[in-house]
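Construct the complete structure from the given sequences, taking the supplied hints into account.
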Amino acid sequence: MMLLPADFHFLRPEWFYALIPLLLAVWFVKRWRAKATGWQGVIASHLYQHLITGKQQSVTSLFVPFLALTWLLSVIALAGPTWERIPQPVYQVKTGHVLVLDMSLSMRATDIAPDRLSRAKYKAIDLVNLIDEGDMGLVAYAGDAFVISPLTEDANTLNALLPGLSPEIMPVAGSDPVQGLRLAETLLTNAGFQNGMLYWITDGVEISQMKELSDFLSETPFKVNILGVGTEEGAPIKQLNGELLKRNNGSIVVPKLNAGALQQLSRQGGGTFAELTANDADIRQLSATGRFENRETEDNDNNNQGDEWREAGPYLLLLLLPIAAFAFKRGLIFALLVSVTLTLPTPPASAQQQEMPSAAESEETPQSDMPGLPWWKKP
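The sequence shown runs 0 to 378 under numbering that gives the first Met the number 0.
Check each hint, because a few of them may be wrong.
Using 27 Å as the maximum straight-line C-alpha spacing, the simulated BS3-like pairs for lysine-lysine come out as follows [claimed, not checked]:
1) 255 <-> 210
2) 255 <-> 245
3) 120 <-> 93
4) 255 <-> 237
5) 120 <-> 29
Since the hints were derived computationally from the structure, they do not count as laboratory data.
Here it is, written out as structure tokens:
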């Protein structure tokens, strides 16, 4: 017993409804063939098969199997038998990554040694080396945002640019994280990424910025992971000249990390929040979200792969070629045409008897008035 493949099925099974006309056609042809000679009503049925012989009967006896086999093969081919998937070159939807670094003066705070900025840049380099899939870009912001590196697969490019970043090279002082995040979003959108991750490294935000940040995070299609740099106790900001940053009234500025606000923003952005640690637990926590995103994308690609099936119907139609050749040789095609022709209704014909004139009448009747004469014999 031949076993069918496990994935054998028909792509268009509704074509099997076309077998119903086949049954009707076989019944009609067999009925017509029985009455085709005209002797069915004259010769007894038990003598009919023995008396009516000849080439015509042998040809028409093959007509029904020929019709049934041809029709059946055609229907099966149109139904689309298949059991093998065709590997499709599915478009791989990669995940883009953008590092967003806070370059405000508060990153010079010394609550973590040697200072927040140095530790943030080290973590950024580790994160670039850890995320080895997809393109990555680099954005830095202070009072304004700038693209330090467009999206690239070359981690060495980013690693070479990160050490040179500092608040002092930023054209506009201050801290506007929304501009930095929007610029990172623009990088991914312009590159055509449908999936993307933003890695925001910052030491905090102002309460007045929470509303605008919340609106952005609720609208962006990309996930935002946040690495908080600093401590809740904070520390003074040591400038490059060695002096501590002071307010206009002479008080020393002591920025503190508001981890609760950053954690709330990360939840709104669909990402992960981590505080800077002495080991690599923080960046592994952030990168785990990106790796999960990549696995989810790959699973979707695998589910879409192979949606096309290899049809065996066209190969099945090749079997009709020898059948058609045999049919031409035995005259079955001619028999099919004749059978269709004979089933067409013929127009009614009638005849009318006409008396021929006598010899005397013929002499008296002008030749032009004699019926039946063609037009060229009439004078």
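So which hints don't hold here, by number, going up?
5
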